[in-house]
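Protein chains in written order, with the working numbering: chain U, 1 to 321; chain X, 1001 to 1179; chain A, 2001 to 2399; chain V, 3001 to 3538.
In case anyone wonders, no lab produced these hints; they're calculated from the structure. Where a beta carbon is used, it is the ideal one built from N, C-alpha and C, also for glycine. Heads up, some of the hints might be wrong.
[Unchecked claim] Chain A side only, calculated, beta carbon under 7 Å to chain V, not exhaustive:
#1 Pro2113
#2 Glu2385
#3 Pro2388
[Stated by the list, open to error] Calculated pairs, DSS-like style, for lysine-lysine (alpha carbon to alpha carbon, straight line, at most 27 Å):
#4 V:Lys3438 to V:Lys3085
#5 V:Lys3185 to V:Lys3196
#6 X:Lys1030 to A:Lys2242
#7 U:Lys171 to X:Lys1163
#8 V:Lys3003 to U:Lys55
[Said to hold, decoys possible] Label-pair ranges, simulated between beta-carbon atoms:
#9 A:Ser2210 to U:Gln105: 44 to 52 Å
#10 V:Asp3448 to U:Lys311: 25 to 33 Å
#11 U:Arg283 to A:Pro2202: 45 to 53 Å
#12 A:Ser2369 to U:Asp132: 55 to 63 Å
#13 U:Arg280 to X:Leu1120: 16 to 24 Å
#14 A:Leu2365 to V:Val3534: 42 to 50 Å
#15 U:Lys311 to V:Lys3447: 24 to 32 Å
#16 X:Leu1101 to V:Asp3448: 54 to 62 Å
#17 X:Leu1120 to U:Asp132: 52 to 60 Å
#18 U:Arg283 to A:Val2203: 45 to 53 Å
#19 X:Leu1120 to A:Leu2365: 52 to 60 Å
#20 A:Gly2284 to X:Leu1120: 56 to 64 Å
#21 U:Ala98 to V:Glu3060: 57 to 65 Å
#22 V:Lys3447 to X:Leu1120: 53 to 61 Å
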Amino acid sequence: MSNFPLGNIGGTPTVQSDFARPNSLTGGHRGCQGCGEALGARCAIDAAHQTTGGKILVVNATGCLEVFSCCFPENSWSVPWLHSLFGNAPAVATGVAAALRSRGQDSIRVIAQGGDGATYDIGMGCLSGMFDRNDDVLYICYDNQAYMNTGVQRSGATPPLARTATTLPNKSYLGSDPQTGKNLPEIAMAHGIPYVATASIGNIRDLEQKVSRAINIRGSRYIQIHVPCPLGWGYPTAETIRIARLAVQCGLYPLFEGEYGKLVGSTPVEEPIPVESYLRPQRRFAHLFGKNVSANAVGVLQNIANGNMEKYRLNWEILDA
Amino acid sequence: MFQVRIHGRGGQGVVTAAEMLSIAAFLEKKYSQAFPSFGSERTGAPVVAFCRISDREIRLREPILEPNALIVQDKTVIESSHALDGILEGGYVLVNSSIPLSSCPKNVSLRCIDATGIALEYVGRPIPNAVLLGGFAALTSVIKIDSVIDAIKTKFSGAIAEKNISAAQVAYEKISGEN
Amino acid sequence: MFHQLEGSQAIARAVALCRPGVICAYPITPQTHIVEGVGELVRDGHLEHCEFINVESEMAALSVAIGSQAAGVRSYTATSSQGLLHMIEAVYNASGLELPLVMTLGNRAIGAPINIWNDHSDAMSVRDTGWIMLFAETNQEAVDLHLQAFLIAEKVSCPVMVCVDGFILTHAYERVDIPSQEEVDEFLPPYTPRVSLDVDDPVAIGAMVSPDYFFEVRYLAHRRQMDSLEIICCVAESFWKKFGRDSGGLFHEYHTDGAETIVVTLGSVAGTIKDVVDELNASGEKFGVIALTSYRPFPADSLKNSLKNAARAIVVEKAFAIGIGGILFQEIELLMKNINVKIVSVVAGIGGRSITKSMLRECFLNKNSGENVFLGLNEDIVAKEYVPMKSHSCEGNVP
Amino acid sequence: MPKPFATVLETATSLGNNTGSWRTMRPEYVNELPPCNATCPAGENVQLWLSLAMAGKFREAWEIIMRDNPFPAIMGRVCYHSCEKTCNRGLFDGAVNINMIEKSIGDIALDSGWILPRVTSSSGKKVCVVGGGPGGLAAAYFLAKLGHHITVYEAHANPGGMMRYGVPRYRLPSKIIDAEVKRIKDLGVKIVCNKKISHLKDIINDFDAVYISIGAQVASKSDTVIKKGSCVIDAMDLFQKLEDNPADLAHFGKKVFVYGGGNTAIDAARTALRLGAESVKIIYRRTINNMPAHETEISDALMEGIEILCLRTINTVDGDQILLDKMNYDEEFGILSKTGETEVWQVDNIIFAVGQTLDTTFFDGISDILISENGAIEVDRNMMTGATGVFAGGDIVPGKRSVTNAVGHAKKAAKGIDEYLGGASEVPIVKNAVAHFKKLNTIYFKKDKRTNILRPLNLSFEEILPSYTNDEISREASRCFSCGNCFHCDNCYGHCPDNAIRKQQNGSLTVNYDHCKGCGICAAECPCGAIRMVSEEK
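Construct the complete structure from the given sequences, taking the supplied hints into account.
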């Protein structure tokens, strides 16, 4: 994973390093200190803005991003932005795209975005409908893996064994049940839509490339961005990017791309690490390292990570060995 | 009716402080009511919580604009949240600060205490709420230190409770020493 | 046994004492702590034989509860504002199927614009759905109303919604008496469903009804709800005998005998109003307060009886219908149409705007205020922002 | 029809919301001391000229070096590059080859004939420098640039001191020395050779200030018994003859022994090899890993077939035989003791390289010049001796003995002398904290080994060690982590969730404290640790 700095040292300069970047989500918003979602949103929308010369309309579902970015009299967005409800963003975006089509303005691109709650759960119906119609919308899901705005309740994206307000561990219960949870990128690919990708703010260059690739494709596209949340996951605010990197490096958050339902590429993990080094710094997994917790608790997550390494062909050495 | 307003930042246990204060009053067979500032407390954002203590049932449902006492858990919010506004004459102000305040309202008994320092020393985490309640008990004597200790036990358990209790007692002795 | 508890936690314990078999949880500010609280009681073993379901939306929350109730198990959920409207189809469906569900509504404003603070616009938007709607004035009453709600629902076989002011009550720490499990078990017998999905006694629930019978079905629902006024009273009486508290019932009167002006209101603001009334009466005024508990069914006759001797009735409510005005006000005005009582509509506290004692005192003392008062409205903003429609043409493209 | 009130908002109105009030910590860009700068004995701003070299700006890089050290080409050949030992990249995938880069830039400067700007000012003050070694010449260079009139007296036939007579030509060709000394002469410095000044008082009155940098010329004694007729020579004399009258060494022996473990011993051994010796053995009293010589020197010697006999001292030298005592060395307590066993070797020549001591007769009779017990001249912060106006540096003052240290002393002395002669007094610069490895975030650097230059076997006196090509210079310099100093990688600007770091068109980065919430991401993601989180409470 090319983790060069964002500027022109080593890698190609990113949009985020451009002094004249659009700053689609600008300063003064009310996100928590070290908020991953705020950064993910700026990176994604800036990349889309840059690729289309600013021709984008954004539809936002209710959630943390919406609440902390647009509350009268403060609006942090510099792009056309519409918020309707929690579960209808995909449908609203379908409407916006239809309106543009009716006026023959296909060059203007439509982006719908929301958190994992809005995307995995309450908005799943509308999302599937949008994919079903292959509407010309890029849906971006900022995945912080729980309902953060209402106080860290479990969502369909909450990882196995994670602590949330509605999956509090105790003697016999180790957090979110590993048999539950959804894999939305796979569900999106099952709809056969033109493009699906996962990304992370731990690798902004990779994120930007995927957004600009997606924005140029017609039909439904889905990008899911891993955005750690210091409040919800319980780690120091300065470590948001480090935690995001560790998630990818340990294999629990595979970065890959799919087209028309088939896996076409993945961002390689050069030096895979055990899941423990990703889990241990987070309070939401602290109970897995408690005294009387059996070792195979972490083993469950390690198996998932190993499965991802293989399934998404993340690390060539391991696979070739 | 004794009205208290507590200022601080999201994630510093400001709401828990108001709740513990109301529990302490309850344990002394008094009526009490605690409520947050009804906003979305973002980590780091200035936050306010309130507590009313009375001998009669409390029916009032309005914000506290003229408190009898103020607890400021993070003095860097004093300016941005106008934390000292509306304090009644003869009121009490307890500020978490290792150095004295540069300015303070007239005829109000103001005390500064390095609650974060005490919390770091006794609890190991910079969460000053229990410590300040210890100080508050000494400053206002509206509630006793024993009730504060029992209230802490309802919010924390085991070692963390013990550490917060000893931190609160240190603050109590320190402030009563200064009285 | 008295506790100092957050309103939501008190409600969670009350619900647990009623031994529900299925709880559905979906987060929405400000009720989230309630479902979280019940979930914790289930997980820690305090509430046995109860399934705690994390659902994916409010529509799912009530739909799951409909399913479990129809299958013969006492079910519960909670929601607020936008979530209530997201499940609106299921709200009508539950009452139509006469399922004795109980749901807590953490009252919160309805958008757009989105607002997470307290008012009664969400409750008012479902006042005609056929649910019994009980408003709690304090967290103690919220606990008591939940114990009564299950009993009322199962006696009347109609869903009951307990309305509790978001943040002001749900997030307020107060002294609350939580009865013991034994006391509640004596008061609230186990749920024996009138009808349910039962392999031994198969029935079809939710048949389609043609014009030939639909009118009667709906009228019967109306008749049943009007009759439940009496049940609500007797449940409140038996509650008073059992727990020694005058909670529930139709409404509570405060100093209304000989009062010249009676303030009629709903929910927690009644506390502040009582403080104001005490101060006014102390200085020679004659004020009384009626705090409505049962809003649906609407206790028309008893209300009329209590208001008829007053000279003026001030209706203080935290919601209003765009296009007509105060809602409770219209209902009270209709009630008193041929009785010489001046009715004043006071709309306040919209979207979490504070209702202070000083605002209320000034309003109550203003004997000749207009019929419609929007208390606490910022007139400057209105003057600046309102653009009269006539300033631009309305003709179509007719020349 | 105006926009709907409150539900429809103009763009970016949040910029008026001062979330800066949320901070309890604030990020600050800092300029911490890179470890290489901190350890360079000549006080070079290594990081700065490395960054210029990376950008291919070799002329600017050379000018930055010349500010602190007039001998880049010489440094590249003789300096023991302590900077590379502390280079943080050493803890990642191998230190930056700073030494080779400095050599390459020095060579480019000589090949391109870059000259120094003419000195225009003149202080009218005359300064005498005794000793034309690295220290003396450097002092002359620094003082000349300050406008003083300098005269250098050098005892030998040519200037250069240890550079010329202490380092064999295959490592440091004399044409390199001459070229870099010429630049100093071109500044108007008068160098008088074959002029041995035997005592301070001979010159003290003719000059406004004096800088003594005569080095440690006297060979230290050793308790070896040397009988008459034995063919023993001191390493310094060997090198001096090699330089000034090589003919004397025409019939140098086949079997040569060298006594000593330092760099001089290694150079002597390799010189003997080049003078035709068939077998060269170094005798050293302790174990090989105690040898003070630099590892690269030792490995070069071994590569050339030179043997090192450890744990041996020379008891007596008798004609063409030497009697060695076998030694035992207690590593833990550093105690050396004879084992009683001995060895006898046939030998043609023995070269003694057991270190030099100071000849302090130069200062006899001058009471206020203090001399420490190992014979070093005591000097103050400005390198001034007890006698006012008399400054000293190099091997004769306490401290490490190396060409680079001598240059460091010369620079300090020049400032001292200038101040003494009425120049601006030097404001003591506050040394920043050193940027240690743990302050960096090396995830942003791709592992890539340093470019090493092949060191072919070369038994001639010619220097055949090539320099880097220009691309190799830039490529190797780009491996520099720029520790503790921003290198404009834009990580902070790109990763700030609050868009609270401003980047100008010229690439400058500043924190916008109106919006910065103090989360600390910029400091955590800064690859080179150039941002520090500071408490908000003043």
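Here's how the hints hold up against the structure:
Taking 7 Å as the C-beta cut-off, the interface hint given for Pro2113 of chain A holds, the closest approach to chain V being about 4 Å. Restraint check, Glu2385 of chain A versus chain V: the minimum CB separation of about 4 Å is within 7 Å; hint holds. The beta carbon of Pro2388 of chain A is not positioned within 7 Å of any beta carbon in chain V (closest approach about 11 Å), and the interface hint is therefore violated. Under the criterion of a C-alpha separation no larger than 27 Å, the hint pairing Lys3438 of chain V with Lys3085 of chain V is consistent with the structure, at around 16 Å.
Simply put, Lys3185 of chain V and Lys3196 of chain V have alpha-carbon atoms about 19 Å apart, close enough for the 27 Å limit, and the pair holds. Distance hint between Lys1030 of chain X and Lys2242 of chain A is fulfilled; the C-alpha atoms sit about 25 Å from each other, no more than 27 Å. At most 27 Å may separate the alpha-carbon atoms for a hinted pair to count; Lys171 of chain U and Lys1163 of chain X meet this at roughly 24 Å. The hinted pair formed by Lys3003 of chain V and Lys55 of chain U meets the criterion: a straight-line CA distance of about 22 Å does not exceed 27 Å.
Checked against the given bound of 44 to 52 Å, the beta carbons of Ser2210 of chain A and Gln105 of chain U, roughly 48 Å apart, stay inside it. Distance hint check: the CB atoms of Asp3448 of chain V and Lys311 of chain U are about 31 Å apart, consistent with the given range 25 to 33 Å. About 51 Å separates the C-beta atoms of Arg283 of chain U and Pro2202 of chain A, a value consistent with the hinted range of 45 to 53 Å. A C-beta distance of roughly 57 Å is found between Ser2369 of chain A and Asp132 of chain U, which places it inside the suggested range of 55 to 63 Å.
Here the CB-CB span from Arg280 of chain U to Leu1120 of chain X is close to 23 Å, well matched to the stated 16 to 24 Å. Checked against the hint of 42 to 50 Å, the C-beta distance between Leu2365 of chain A and Val3534 of chain V comes to roughly 56 Å, which is inconsistent with it. For Lys311 of chain U and Lys3447 of chain V, the Cβ-Cβ distance of about 28 Å falls inside the hinted range of 24 to 32 Å, so the restraint holds. Checked against the given bound of 54 to 62 Å, the beta carbons of Leu1101 of chain X and Asp3448 of chain V, roughly 55 Å apart, stay inside it.
Remark: the range hint 52 to 60 Å for Leu1120 of chain X to Asp132 of chain U is upheld by a beta-carbon distance near 56 Å. Hint check: Arg283 of chain U to Val2203 of chain A, Cβ distance near 50 Å, so the stated range 45 to 53 Å holds. In this structure the hint that Leu1120 of chain X and Leu2365 of chain A lie 52 to 60 Å apart at CB holds, the actual value being about 54 Å. Distance hint check: the CB atoms of Gly2284 of chain A and Leu1120 of chain X are about 58 Å apart, consistent with the given range 56 to 64 Å.
The hinted window of 57 to 65 Å between Ala98 of chain U and Glu3060 of chain V holds, with their beta carbons roughly 60 Å apart. Judged by the Cβ atoms, the range 53 to 61 Å given for Lys3447 of chain V and Leu1120 of chain X is violated: they are separated by roughly 39 Å.
Of the numbered hints stated above, those contradicted by the structure are hints 3, 14, 22, listed in ascending order.
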